[in-house]
Each structure stands twice: as structure tokens, then as C-alpha cells.
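Q: Dock chains B, C and D against the given chain A, drawing on the hints supplied.
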Amino acid sequence: MTELLHPYDITQEADIMQPLDFNRRSRLKHVDRTFKSEIINIIRLTEMEKLFQVRILDDTARERFSFRPGQFVMVEVPGYGEIPISISSSPSHKGFIELCIRKAGLVTTILHKARRGAPIGIRGPFGTHFPIEKMRGCNILLIAGGLGLAPLRAPIFHVIENRSNFKDVHILYGTRQPSMLLFNYQYEEWDRIADIDLKVTVEHGDESWTGQVGMITDLLDEVDIAPKETYAIICGPPVMFKFVCNRLTKEGIQMNRMFVSLERRMHCGMGKCCRCNIGSTYTCLSGPVFDYWTVLNLKEAI
Amino acid sequence: MKYLGIEPEVLKIAVFDFTGCEGCELQLANKEETVADFLKVLDVVNFREISSVEGDDYDIALIEGAVTRGDEITRLIQIRKQARLLVALGSCACFGGVNRLKNVLDLNKVNREVYGKDPKETLPARAIKEIVPVDLEIPGCPINKDELERIVQHLIWDIPFQFPVYPVCFECKQRYTTCIFELGQLCLGPITRGGCNAPCPAGGLGCYGCRGPAADPNYSEFFTIARERGYKKKELDEHFNFFGGFEGVG
Amino acid sequence: MKLDLSVDVHHLTRVEGHGNIMVQVRDGKIQEARWDVVETPRYFEAILKGKHYTSAGLLTARICGICSFGHCLASLRATENAFGISIPERAAWLRLLAKHGETLQSHCLHLFFLAAPDFLNTSSVIPLLESHPEVVALALRLKGLGNRLCEVTGGRATHPVSLQVGGVTLMPEGLGSLRDELQHSLDDLAMAVELFHTFEIPDFVRETEFVSLKGENEYPFIGGRLISSDGVEHAEHEYLPMTNEYTDKNNTSKWCKLSRESFAVGALARFNNNHHLIHPQALDIASSFGLTPVCHNPFMNNIAQLVECVHVVHDSIRLIDKLLESDSEPTMVPVTPRAGEGVGAVEVPRGILYHSYKYDEKGNITKADCVIPTTQNNANIHYSLKDLVEQFAVQGMTDEKLELLCSMLVRAYDPCVSCSVH
Amino acid sequence: MLFKTLSKPEFRNLVDLLLGSTEVIAPKQIGVNNDGKPLHHYLPVQEFEEIDLEYEITEYSAKSYFLPFRENLSSCRFEDDDWTQEIHYRLQPRVLMGLHSCDINALLKLDKVLAGDRFPSPYFISRRRNTFIIGIDHYPCEGGFCQSVGADVVTHGFDLYLTDLGDRYFVAINSDHGYNVLMQVDAKDTTGQDNKDYLEARQRIASKFEPLNMHNLPNLMDIEFESEVWKRWGKKCLSCGSCTMVCPTCYCYGVDERVSMDGREGAKVKQLYSCNLLDFAAVAGGHNFRADRETRLKYRYYHQHRGFMETYEEPLCVGCNRCGRVCLAGINPPEIIRDLQTEDQV
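Residue numbers (the working numbering), protein chains in the order written: chain A, 1 to 302; chain B, 303 to 552; chain C, 553 to 974; chain D, 975 to 1320.
Next comes chain A alone, as it looks inside the complex (with noise of 0.2 Å):
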């Protein structure tokens, strides 16, 4: 029998390539691989959320690693599934990474039952990121909603970290009610940093609540901004975000200046599976992160 055809070993080729930046995104056999990653530690938030904070175990791919404030993981529990997370922690910090969970479906609830130690995979980071750097000495609103806080504690870090670099910061949080608050141990610890103005607030507060209740946007009263010099992240449900973003317009704050994060369900995040699109734009390549306009003419996302 005659060999008419050769097999063609796309290893090679992917060999030969050459790495396009800090991660394998352009490592065509790696496509797939996950980073196999070790919960070095899990912290209670409140009943629905943890944090975890997870190590790459491997020490290369571990000092190569490195994310923009904003940007997600895929998180996969092998035999379980694989799900989008949006980095929690420092984009400075190269030891480990803090996602914090939701338990919702199925792969968190099997994550909210891991034991410290378990060996998790991560794939990433995929997508857009808040950008920090056109940032630069103008003032900060970092504006959250529920578990919206979660993607924005990454700016929320570079922003303290390098503070000198910003005019005036705001960070404002809203939830429900007072148990749904997140990161509540770290509130005193951002509001002692000299010219960061934190304000928290609740729509029903309780007995042992001694805060402010009310909308978010009640927050923003107490704010003065000067719209010609002021950026705002807002992570958050799409409703609260819309209702922020509407009263800031009205402050005069440009809409290509505000930048929300968005959540879609994505499959695959390298822009395949289609399953985060809104209408057409993938939110895994193109977002998760946009600002205003831009989801303003997705029509799907609010």
C-alpha cells in the first residue's frame, strides 16, 4: 500500500512558534493546557462567597504570569467543569492570584466544598482590562454593586498602590444588606489611607447596622466631581450600573471615560464558542471590560 499522504503533527509547528507576550496565548498546543494550580487559601466572605487564593504549582509559569486589573481565568475543576473568573487581587502581586466565588452553579459549588491544598487548573488571562494608565493624574471613582467589588478590588489595589499617580480616589460600595458585604475586614484598612474616600452603604440595613442605607447612587450626592478630570470603573448587575453611569453622564463625566466589566457566560474564552456574545462582539476577546458607549451600542448588554 502506497503512503499518498503524510500525517501532518501540528506539535511541531507549535514548537516553532514564538511566545507573543507574558502568557501562551500564541502557544498553539497549549491552547487548552491549564496552569495546575494548588488553593493555597480559602476565606469565608459571607454565606454565598469565598476567596481563594491560588498558586500556579509550577515556578516558571508562575513568575511569568501577569494580569491587567479587570482581565478573568478560567477555572477548571477537572471532571467537574470550567468556569470565568475575574481576578480579585494586586496585578502587582506575583506569589498568587484571589478569586473570589460565588456559589451559584455547578462548578462553584463544588469549589465552595475544596478543601485547601485541592489542585485546580487555570487558564488565562483572557480579555480586556480597565485602563489604568490613561488614568494617570486624574481623579478615581471605583464604583461597586454586590459582588461587583470583586473584579474592582484588582484596580482598587493599583490604584493604592500606586496612589501618588491619581488625584482624588473614591471607592463606593452598595449591597442589599449589610451580610452580603464583601471584604468588610479590609474597609478600615483602605478608609485609614490618607485621601481615599471609602463609603459604604445598604438598601436594608438591620439592628447591628450602623451605616448609611440607601441607593448607590445616593453615595455619589456626597461626592464633588469635576468631570473634566474623572475616570469611573463600575462593576456591578447591569441595572446598577446603567442607573450609575445615567447619573454621571449628567455630571458631565464622558461616557468613553466610565468603564463597567460584564458577565457572560463564557465557554472557552479565546473568542470560539460564541456563547458571551452580545449580538455580535465577543465579551471574552472584546471585554469583559467596555466603556460606556461601547456597551451603550451592544444592544444586548443592558
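Just so you know, the hints here were simulated from the structure itself, not pulled from any lab data. Hints should not be assumed to be uniformly reliable.
For the chain D half of the interface with chain B, some residues (derived, Cβ under 7 Å), not all of them [said to hold, decoys possible]: (1) Leu1082; (2) Asp1085; (3) Ser1149; (4) Lys1210; (5) Leu1212; (6) Cys1214; (7) Asp1236; (8) Leu1252.
Dumping the calculated SDA-like pairs for lysine to any residue here, alpha-carbon to alpha-carbon at most 25 Å [unchecked claim]: (9) A:Lys167 with A:Ser90; (10) B:Lys342 with C:Asp800; (11) A:Lys113 with B:Leu409; (12) B:Lys422 with C:Asp800; (13) C:Lys766 with C:Thr844; (14) D:Lys1002 with C:Gly728; (15) D:Lys1209 with B:Asp539; (16) B:Lys333 with D:Lys1002; (17) A:Lys228 with A:Leu106; (18) D:Lys1182 with D:Arg1092; (19) A:Lys134 with A:Lys113; (20) B:Lys333 with B:Gln464; (21) B:Lys422 with C:His749; (22) C:Lys919 with B:Glu484; (23) C:Lys919 with B:Pro421.
C-beta: ideal position from N, C-alpha, C; glycine also.
A: Okay, now just chains B, C and D, sitting in the frame of chain A:
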């Protein structure tokens, strides 16, 4: 399998049969390549069809068959008291199944026809959920063992199981099956819940809807399609009523 | 000697369906020895009325989860006889192959899962996973092979989809590799034979009339004349004088009789009536167990099942060879319904099964009757139980021993109780 | 491009050579429908006689030989509370023959998404590079509108492409592989007569198309975003996903993972999905971004005719109309596009 630092739970399980053909129970012993592993993750404390052990200490009760007699109601209520999780296994347990077809008959008359001077007790066939609350329904005539294996894994890990929302057509296409309508037969595939891997159309048989309706079925368009292709009410009814999963549709 | 014994089994385990055993012996005299079927009736015959012929096979398959193929085949045959249709030869081979798959699957389920635990002194197959893993693996291989034969021909292992009026709609795939598997399974069967040689089969004899299909050129499974070991013979459509169903007040299943108070159907009946047509290797194995016609020990039904397993494996290989040679020939004929009556008699694992339908000119059923093997056996089980108690009760029995023996007797018939109360 | 001609007997020799050397997938008649029309599938064949190059259209596109309906992306083995991941890509070469221009164009479009871009898919590329493609010219098929979307001709994306000239094939060669394979048999250099016959044959084909007005479609889709057209057609949609399964270019999917019953192995399985299915855009917690049929149907057309256009300056649709043929409710692109074109023209 120990993973993520969690020891998997061994499920104390009991299998009970009511009115039906016991074909769904039989599936527990089918798919022979994995049946040994399947039985290892379970602690079978009661399974009359294959075991003489008759324990009452179980967490999960798998119920096969419909309810058609008074003693079955008593037995079912007793099982419900014991079981942490009560699972309706198969179309008979979920919908009443083919047993439901007798409900339109005059049961006294039928009884006399079959048993003459010794008529037997019988009630209209009912699904398990019509008697006691059901925690999980696994439809199919018979159930799909692959799906059951996955459900058992989810029970072991105590994580939610999601049935497919798509209709049978979707999996039919993924098997390269030629549409049954194209071959001139009626098929409930477009409105029936998938997840069975569409064995009937692949074998040249239109779907009779043993898994009940898909999520958000488009009945009005389905009837339009059937009408356009000349199917009469009798044919449609025969399909819709066959397994009892489409009660009130048609 | 004063002897009191009592057995009360409510819902016998390791059988298909619900039945009770009740034995009372006072002062060495049998007060009561009963086998009562208490399965819930489902009224299939009434449900069938008015149904289109395309639904009949599907519906009747649901009479039984274990022998769904047998019911389907009997139903199709009844319909085809009513319409005057003869199916293509290739379809007939495929159906017989499906039948063999079911026989193998069902016999293995009975032999290993339901019967063997009694001989191996355990409650079920589950403890055997630990104590006799090789036996379980063997059982699963053989049963799995039976199921695969069903899947290939019927579209799936339970409740076939491609066996339809007019023939078979599925083109079987992977017959070649199935043939190899069948060939290898003969080694497994040889091991099974060795295992069963180690089992102690109770020595019990009760003169019985045996009813089955009558083989002409082949060991019979689908259609043909009806025969009894007492010399009664009828054509396929004359099943009523062969069965004579009557009701019993304690049973939801009907009872049957022919020349005596009861008769038996099943593997032993088939073997007794058709041993000259079984595969020679199967016949050799039968003799190695002392199974020679006419055998009147109901416990030997287990051995007859094992012998039939060997036969169906050999015959399946023969059928696959024929199928592979006739690759492109049709497996379906067009179907035109007409008014008429038809009977289909099929040997299912537990014995001869009859479906009889009357059709109107549109192809809707106007009258249906199904006579189930276990229905035919129930009276015989009941009366054998009496004889068994009579023979054994006096030999220094305990309640437990008698209960086991009675249970084993009922299991030996491999009753399909749901079926019998359809 | 190089051209040769191949006599019909030599073509048979070529196919026999390929059949003897590797897996060959070709259009094969699998039966007839209720109206007696032949049904064809791309299937593995063993003999030349099984191949039917005269087919009008296959029920299913050739997509699934590159994007299988189900595909194992990676496996993992569990051991001692730990796991290791394994990934394999298909490497065996095979021949896919008898593809019409629409199906080859579809592969070129899939290349743009899956082989180019920032994250090329090694699974797809490996299958693509290991598939030897022989295309063939054909007359327009009933209901097809490939010419209107520019998919009736094909200039690359194949190894060999045949045009039937009666007693011989005119063969376009688009790869060194194609050339080498063709050189195994007695292929002739083209003559002036061959060229003339070929161009005439092409003309005959081109003249048979009935054009569909696709003018300004992307903008029209934005303008008609809230149109009644979508409500009308959306009401009919069964949300069964059949259209996307037979489509040669729909590529979206879902991923889920499974563990073997003995708990030793896991698999990450990709299943082609459909944007028409109810839970396509559902997120954890229950919110569904596309809860109605109408919206889902609209976005399928949006992706095909506007979104893809925006990114790649061509529609994703190749005009084969398999989706229209398979749809029980009769939803089909030519009618929807016509409706959109005429909706606001009173």
C-alpha cells in the same frame, strides 16, 4: 475518588417497584462495562429485583412504576417518610407512563372483561408526584443509564444536576439521523426533552415523547407542522398520550 | 414425629415482579402451600383496543422490561399474520438475532444475578463483587454481549425501536466485531458451565406436561406449530385450546391448564420438546449435567437456560455470517393494513408467548389478547410447591431451609410476574 | 493555479489509489425521503461504487469532519487527590472528496475564526491540515443562494477541484500535495479545447442561478432590529438547533466535563451547541440574556450576516440553505432576507 480534599459519600440507596415493567430497574444492571463500578459507589440496602437484602435504612429511594392500587399508596407514603431524597425513575413514575392509557377506559367494565367473576382492585394510574412530593424526576422509557450514572455522580458529590433543555431533534442531528418527518412519519422530537441521545429516530421510529416536554416547547408551531403534513387528531393523540408526559396537550 | 413448619414470603426477592409464598405444615400435614401473584394489573389488552398497528409493538414491549424484545416480536408477528405480510428473509434473520440477544441477556441475568446467589450462599450479586469478582465479570461479559446483540438489531437494549411491522428499519453496524465477541464468549460459557457443575441442584421430580413451539428444522424461537409433551399439537393460531386461561381469586395473574391440572413452559420445556434440534455442543453440555429429555426436575430449568445460552451463541454466529453475505438485501416490505386476525407465538426466555390481535380495515386493533409464559407457569409453580413441600418437609427441615428451597423453586421458573399480570 | 485534465477511467484509478492508502470520505446515497428524493451524506467509503458525485446536496455539511459534534478536548487522570491533564490532537490523514464550492468556502470562513485570530484552535487546525480536499463543480441546488453571498466559486481551500467535462474532468490544483497525488495517475496537460470547454461549463453553471437581493443587508439588519419580521419568524422557531447542526459554518459550542464511573478519569468534552437553544445565553444564577425564541433566531442571523461581516467583511453564510431545508417550521434565509428587504417598503 478522593479529590479536592473531599471524601465522596457512599449513598444508601433503595429501589422500589410499583406498577410497571421493571425495565428501568433493569437498566441499573445494564451498561455492563461500568455496572460493577456503579454498584461500588452505592450501598444498596433494598433492591428486591436483584437482592434479598431488605433494609429500611436508606437515604435515597428510587421509585419505579406508577401507582394503581391502594396498597401502593400506603407503601409509598412509608417510603417518603424514610427517604431523604425520593427519585421518580422512568416515565411511569414521572408521568404514569403507558399505564395512564387505561384511565380513559371504564375500569369496572375492563376488569370484568379480563377477570370475569374475580375482578381485581385497580385505581386510575397516577404518577408518584400525585401521591407524595418527589425530589428528582428522571424520565425515559426506559431511563438512559448514561444519564443515570451522571445523576448518581452528582448525588454523590451533592452538586446540582441540570437536564438538557433542548429537544430530541438536537441530538438526532448530532447522530446524523435523517429527520423522521422527512421519511413521512410523525415524531414528537421537536417538543420532547432531549438527553436520551435520540435512539428512536436513529432506529427509524418517530419519538413518542417518553421524556416529557422539553423546556419551553413550541406547541402551536408543532401542531401547525403536523397539520400541514396531514396528521389527524387520532394519530397525534396516540403519540401525545402514549407515555403520559404531555397531559393536557393536544 | 411432630412437625410444624411455616413459610411466609411477602414479595419474593430476586424475581421480576411481586409474588408471595405461603406454606403451613401442621403435624407433618400440609395445611397450605401457595404461590400467589399479587402484581398490580395493567389491562394492556384493553389499552390496545383502538390503537394503530404502528403502536402495538411499542406498547406491548412495555409489558415487560426484561423480555421487551420478545413481546415486540410476538406483537409484530401477530400483526403481520393479520395483514398477510411475510417479511424479507434478512429481516427474519435480524429478528432472530435480536431474539438470541434477549435470550442470552435474560438467561444470564437469571442464572447469575437471580439464581446463583442461592447456590453461592449469599443474598445477591453485590457481595459477589468482592467475594467472586471473576464470576461477576464473567456474568457481565455474557449479559453485555446479549444486550449488544439487542442494541445492534433493535436500536437499544430494552424496548426496541427498529423492529417494526414489515421488517427491521435499522441497518446493523459492527456485526463483524460482534461475531468475534460471540466466538470468544464460548470460552466464557465454558467457565460458566464449570461453575454450574459446582452447584448442588436439588433432586426433585414432578411429572409435568411441557408446552413449547415445535421446531421443524431449527430449534424454535419465532412462530411455528405448538406442541405439548403429552402429545397435544396445534397450529400457531390455535393457541387458545393450548392455554385455557382461567382466573384464580388469590392471583392477579391468570392460570392455565392443558392435559393435566397445570403445565410448564420455558427453557426446560423447549429443551424437552426440541432437544434433537439444539446445537450439538449445547446437547453435550446438557448431558454433562444429566439433563436428558424428558426431564421432570423444575430446578433443571436453570441448566436448560445455560444450555440454551450455548445454543444461541452458536446460532448467532451462523446468523451473522448469513447477514454479512446478504449485505444489500432489503429488510423492510411495504405494509398495507387490512381487516383480519392474527396470532404471533414466540419463545421468550421464560417460555412460549402468544399475542393475538383483530384489526379493522384501517389498521386499528379491535380486540387483543396476550398469553404470557409466566401466566402459563403460575399454576404449575403453585402445584410444584405443594409437591416440593410434601417431598422435603418431612426430611428434618427448618423454616429457613424450607423457605430457601421454596424460593429457589419459584426462582427456577424465572417468573416474570409483571408480564403475567399485564 | 495549475490545471490538468483527467479522463474518467484515470479518475477512478486515482480514487482507487486513495481508497487503498487512506480513509476516504465522500458523498454517498443513504436512502430516499418520503417523496422519493435521494438523501446523501458525507460518509467514509470503501469502494468507488459507493461514491455519488452527482448528488445535489448532502443533508449535513462536511463541517463535522473538522468540528465534530462531540470532541474530547482534554482528559485527566485522577490519582491520590491529584490529577494530570492529557491532550491529543487527531493526526491521521484522510481524504474528503466531492465537496461543492459552498462547503469549501465554509471551511475558509471557519479558518478565519479557528485557524487565525489570537487563539488558533489546534484541534481544528490539525484536522484541517490532515484532510486532503477534492472539490467538484455543480449546478445550483434547489433553494440555494450561494452565488448571492459569493460562495459559488472557490479559488483556494482545496487540494484538487474538478469540473465535469463529460468524458473527462478539468482539474484545478491548489497544493503541492494535490499535485503529487495527481501525478500518481495519468493526468494530461490542458489543451485549448479543454480550457474552452471548462469556461463554457462554468458559464452554464453561472447562468442557472437566481439571484437573491442581499443589498445593504448589514445596515438593514440594524434598522430592522425591532422589526415584526423577527416576531413573525421567531414565533415559528422550535428552538431545536437543527439549523445550526447542519450549517457548514456555525461553530459555537459548550463545554462540560465528566468523570468515569470508577472515578479514575475525567474528560473535558466540547459539544457543538446552537444559539437557538433556550439556555444558550443563560448565566449561573438563572438570568437568561436571550430568553425568547425571536431574540435567539434574530441573533443567529445577526451573527451570520452582520457580526461576521463587521469583523471579516464577508457574511458567515455560504448560501447552501441546508438550515432552510432541515427546518420543520420552514424558517429559511431567502424568505427572511426578502421579508427584511420589503418590510418597510410599502
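Q: None of the hints should be skipped; say for each whether it holds.
A: Do the hints match the structure? See the list:
no.: 1; hint: Leu1082; verdict: violated, 24 Å
no.: 2; hint: Asp1085; verdict: violated, 23 Å
no.: 3; hint: Ser1149; verdict: violated, 29 Å
no.: 4; hint: Lys1210; verdict: holds, 5 Å
no.: 5; hint: Leu1212; verdict: holds, 5 Å
no.: 6; hint: Cys1214; verdict: holds, 4 Å
no.: 7; hint: Asp1236; verdict: holds, 4 Å
no.: 8; hint: Leu1252; verdict: holds, 5 Å
no.: 9; hint: A:Lys167 with A:Ser90; verdict: holds, 20 Å
no.: 10; hint: B:Lys342 with C:Asp800; verdict: violated, 43 Å
no.: 11; hint: A:Lys113 with B:Leu409; verdict: violated, 53 Å
no.: 12; hint: B:Lys422 with C:Asp800; verdict: holds, 11 Å
no.: 13; hint: C:Lys766 with C:Thr844; verdict: holds, 18 Å
no.: 14; hint: D:Lys1002 with C:Gly728; verdict: holds, 22 Å
no.: 15; hint: D:Lys1209 with B:Asp539; verdict: holds, 24 Å
no.: 16; hint: B:Lys333 with D:Lys1002; verdict: violated, 33 Å
no.: 17; hint: A:Lys228 with A:Leu106; verdict: violated, 45 Å
no.: 18; hint: D:Lys1182 with D:Arg1092; verdict: violated, 40 Å
no.: 19; hint: A:Lys134 with A:Lys113; verdict: violated, 41 Å
no.: 20; hint: B:Lys333 with B:Gln464; verdict: holds, 22 Å
no.: 21; hint: B:Lys422 with C:His749; verdict: violated, 43 Å
no.: 22; hint: C:Lys919 with B:Glu484; verdict: violated, 32 Å
no.: 23; hint: C:Lys919 with B:Pro421; verdict: holds, 20 Å
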